[in-house]
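Enquirer: Starting from the structure of chain A, add chain C where the hints point.
Chains as they are written, first to last, in the numbering used here: chain A, 76 to 520; chain C, 14 to 520.
Accuracy of the hints is not assured; some may be wrong.
Listed below are several chain A residues computed to face chain C (Cβ distance under 10 Å; list not exhaustive) [unchecked claim]:
#1 P315
#2 E327
#3 T333
#4 K433
#5 V441
#6 V442
#7 Y451
#8 G460
#9 S464
#10 I507
#11 L512
Read the hints as simulated data drawn from the structure, not as lab findings. Every residue, glycine too, gets a C-beta built ideally from N, C-alpha and C.
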Amino acid sequence: MMLEAIGVASIDELYSDIPTQVRINRPLKVDWLPSEQDVKGHVDRLLAKNKSANDMPIFLGAGIYNHYLPAAVKSILSRTEFQTSYTPYQAEISQGLLQSLFEFQSMIADLTQMDAVNSSLYDGSTALGEAARMASRATGRKKILVPLCLHPDRFSVLKNYTEPAGIRLETFAYDKETGGLDSADLQSKVDKDTAAVYCEVPSFFGVLDPEVVNIPSICHPKGGLSIVGFDPVSLGGLKPPGDYGADIVIAEGQSISTEMNFGGPALGMIGCRGENLIRQLPGRLIGMTTTLDGKERAFSMVLQTREQHIRRERATSNICTNEALFAIGAAAYLSLLGPKGLRELFESILVKTNYAIKMLGEIPGVVVPRFRSQHYQEFVVSFKGAKGSVARLNKSLLSHGVHGGKTLVWDFPELGESALFCVTEVHSTESIDELRLLIEKLLEA
Amino acid sequence: MFHQAKWDEPLVIERSGTGKRGHTPAKPSDIERKVVGWDAWSGVPKALLRNGPPPLPEVSEPEVVRHYTRLSQENFAVDLGIYPLGSCTMKYNPKVSEAIAQNPKLEKIHPEQDESTVQGILALMHRLDQFLAEITGMSRMSLQPVAGAAGEYLGALIMRAYHRSKGELDERSEMIIPDSAHGTNPASAAMAGFNVVVVPSNADGIVDLEALRKVVGPRTAGLMITNPNTLGIFEKNVLEIAKIVHDAGGLLYYDGANFNAILGKVRPGDMGFDIVHLNLHKTFATPHGGGGPGAGPVGVRKDLEKFLPVPLVGFDGKKYFFDHDAPDSVGKVTAFHGNIGVLVRAYAYVLSLGPDGLKAVAETAVLNTNYVLSKVLERSKFELPFSRKRKHEFVLSAKKINEQTGVRALDIGKRMLDFGLHSPTVYFPQIVDEAMMVEASETESLRDLDELVEAFLKAAKEAETDPDRLRSSPHNTSVGRIDEVKASHPKTLTLKWNNPKARGQTP
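Same shape as in the complex, but just chain C:
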């Protein structure tokens, strides 16, 4: 029986005791003090001087380490159990990648160093560009975007640059996005100045071609889509979709969030996509860090290369170099060269698997997911709206269970936490009622998959026999069900804002 650690750990500031500290930074040398004069502070403009020491906790190193170690124990992670969070591809992160990334030759290099002193990392970036371009079927990659949404935003910027170069940016103001898309797609498009036009899914759960034909036209800038889509269904009409959008003068963007399903099987470039991003923190097994860091490299077809951010890494046969000679480039999308630490891990992942291994990743992920789907459907009242053909993920509906018992998808998800696994994604995509989106990645064993199936079945059964137990779950986590409504107020965000007495006071 799963019981999550529970420490009743106070806030670190509540552990604070006067005079304690956990780290003493290096002091200036006597020579430095002597040369500068013993009071260096006197030169700092008074208007900029802090009135007193900064208001931080005073705690010892052991206290800090215990505090955050205890907190870490109150946190679920891939290293603890199955994480069937649909569209998030929470697979196991190989430890060799961590060992590789903890290298001073990586950690202690500065982004503005002379190229002659960073030939190793430049070579790695150059090869990773080639690997990812081959894997996606694109011509060239930018490694600069640091997240999936950052990749999408760059994609939208490239579309702007492309249409501007043809003198059509003003007219081409619309981005077409299926109703099943991730929220980042419309958000990225809108941020880049496009109006979002939603195209509905048909009865099979894929893009309705007739509806698509109706919305494309001279105002179309492009279409953003993931394939397989968020229902886990492959958009089998993808070539037709590409033709419709291209004929209208638009570009096709591939959201790589679901790439795990097709690694080594199908490539976005071969499906007619013009711009692609990959989520290295999903498909390429880099740890997600509780929300980040990630990396979202973007690949493009040949004629769009000139719009990629500067600099790309070039190779002149002898030396690797940063190529700044790109007059049509969109410029920069992050301050330096991207999330290099993440890129290095992804590079190691590609090398570890090679062509056969990468293909096996997709096949095993699809096999695992379909196995769970079959077992759950066979033995419960969960329903599967739309077509049965799923790839790496599926979206169940708990509608029938809800109608019969009053229990909601949320309750089932919360109850699953009690069984020592993470809940599926709930209430997404919005086109499925009482949605539960499940992804069982390739790193899960058959035993883990059976455990996941059992968790669904047990929760579904309890909905009938003991619905109150579900509605009051979880029971075995560090805390019971949380009042998220009460939390949704600005005053909950920081201690200071929480506590009016502390406001405006600088100790």
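Next up, chain A with everything else stripped away, as it sits in the complex:
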């Protein structure tokens, strides 16, 4: 009947314009399972081979963090009206999504003290890439200064975002004692071609460095911008980057929106100050407006002339699909915790970080923290005075059902045998004590 309505004799006729020599005339070589139960069973069995943070304590961070995700966040994200919708091109029928995203933008802007935040990018690393390009466009300059203590993968992504635009990356050193900023080195590198200086709070090493608040006063007089990478939970206790002069902020928002999922999907966040920079923002922006008759509040995508579907090769970015669902997750998370909850969570992680540092510090031959500073969530452990290597220790820890920290041996050889450990609110006192006992025992062996 459908074929008749179309006026063809067969489905093949609908494909008759495809040259015969390019058609595939055999079945695809992919597996097939005959029932839903088989498919679920198969994937369940595959995934069962993984060991998760539910099976063993995992002391890894470095960009993706194991936090407790409130059940209500998961419940809200499972609403299929959100989950199975598309980009809200038709605003009138997508108000729920648009309002949620506007709330996300507003909350992150308040939290960071920025004027505007977009409705998401892919992840923290591409957010940094976009921020660097944005700073270069806004200043007409081609040099970005980044800390030497940056996750090497984040650096690699940044390089892929900047190199084609002719932007040069230069690193500035960290203080060998405190792990904080080497101000003299930074100062000597900021010049008239510096588009921006990037820094992270806390740093990749988990250091809370008071010197970072001076970065804007180093780069602003020379016409450069300050980009700050923040940890969303830490803003429960830490000063908003906008308060110390940041022009652009970026973050990985996985912590406050979704589970680790082997690193993705995540949530890229970007925000900035001032109209000039706002017009350089990549990605979707949601604005609050009214209906045409002016009677009702309403939301829609705005400033779309920055975007690829309108501006094509002159767009501020190529981004189209983003991580909108997790922006809703972040809005729900921040609403649930509120001012008190976020502050308490920061405190909880702060206490546990200090506790873990104290405990591991009692192990002979181990220097922790490697850097003489206040740490948050992460810290470097140096095994310089101990026998053996981080690689061997981590293997032994695993055989005892504990996953150790991220080795820094390859990426930061100047630190010798050392590793980056992470604790959040999910790490129990017992698991930290066990880690300490195991390391002590294994290093002796």
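Expert: Leaving out everything else, chain C in the frame of chain A:
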């Protein structure tokens, strides 16, 4: 009659009341407090301390859940009705994929875990790489790109690496893109440092070969194209196009946005493409989340494998491992291994359908779309510029209706919302006046398709009988037509920026 929910729901911050909260995070233990000292804050540098609690709403859990549940009800979705948004492939997302993805063995694994503890996910990634390579006719896939545009950008980076390896990057500065291409193509090419050269479509709506021959040359880095193109027309000269570009020393990039039309029928690799991306959130039925997450794996031909991002997943006969031994790799395009949660759903989708099912997807999508096209053309004044042969989507022109009634494509799209379905994509591609781009995916029933046809016909008829009703539509959605012009100002973006009094104050 469709009526969307309307709650007049305030902003969550407007629900805020002092002292309320929706979640109490776990506290440190007494032992931890005792060991650390009761005031952990004293160690935090003063310069970095927040002056007061962060400015967030104070609301209870039920208030938060009701708020976002109400908002969800004010949102259209595939689970509510037909979503004929051209080039977006809004098909039904099987629920089994959700059940599969909600597994602690997936959710609670960290991307930097020791390989011995993640053998399950590595095996899945390895097999998905093989499945997608077979489906596209390519040699190897990178699962790292997290969206279609991210795949395109990686494709452009691979072209840079390829031309650089031949010492030709400086000369090969031009990316050729048809005028019917998605906006992401020129944007990705430009971001990767290429100058965009637009090649026009001919009277049949496909790439004009003569025009193409004129623009290719020693400056050509590559060509980015989707096939079928955004008009839904198959580029039947694709082998000739490939030859022209390859002869000039350029590479051919396949934008997988329209892959749903050719799944199991034709493969980009067999059409001469060198680099391909797939949109798993389109063709492979993973939910689009209101704009994301997605996944845009990229496949390449054999000699380009060495440029793929690190790490790929290898298998030594016993164990799966991350292969970092790739000196020519472009490096990384996202922080970790890609949108794994999306990849797992797509893997389940392939297994559920198998070879016959995948082919049936394309055939049914093309059948459905052509059915709607025939019915609409037969009974209305919509026109179909260019050739009649369409695959999974078509682009109507409402030009004639506009000339006769003053009603625009936008008005027709808005009116369609009133009938409980989503509008087609409007005003794209730009080469069609008053464009309405329609895609009716394979998961729509005949009844749904007839409803879509009726929506077009009803709107077209109203354009003649009651044009004001169209121009003032939609009437049955949560809110009426929105003033998007007023919205287009930076000050509309956040409450704080909206309200000067709140600016600069940290409570």
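Enquirer: Does each hint hold? Answer for all of them.
Expert: A quick look at each hint next to the structure:
1. P315: 6 Å, holds
2. E327: Result: holds, 7 Å to nearest chain C Cβ.
3. T333: 8 Å, holds
4. K433: 6 Å, holds
5. V441: Cβ of A:V441 sits 17 Å from chain C, so the hint is violated.
6. V442: 18 Å, violated
7. Y451: Holds, because the Cβ-Cβ distance from A:Y451 to chain C comes to roughly 8 Å (cut-off 10 Å).
8. G460: 23 Å, violated
9. S464: A:S464 check fails; min Cβ-Cβ to chain C is 14 Å, beyond 10 Å.
10. I507: 8 Å, holds
11. L512: 15 Å, violated
In the structure shown, a violation is registered for the earlier hints numbered 5, 6, 8, 9 and 11, in ascending order.
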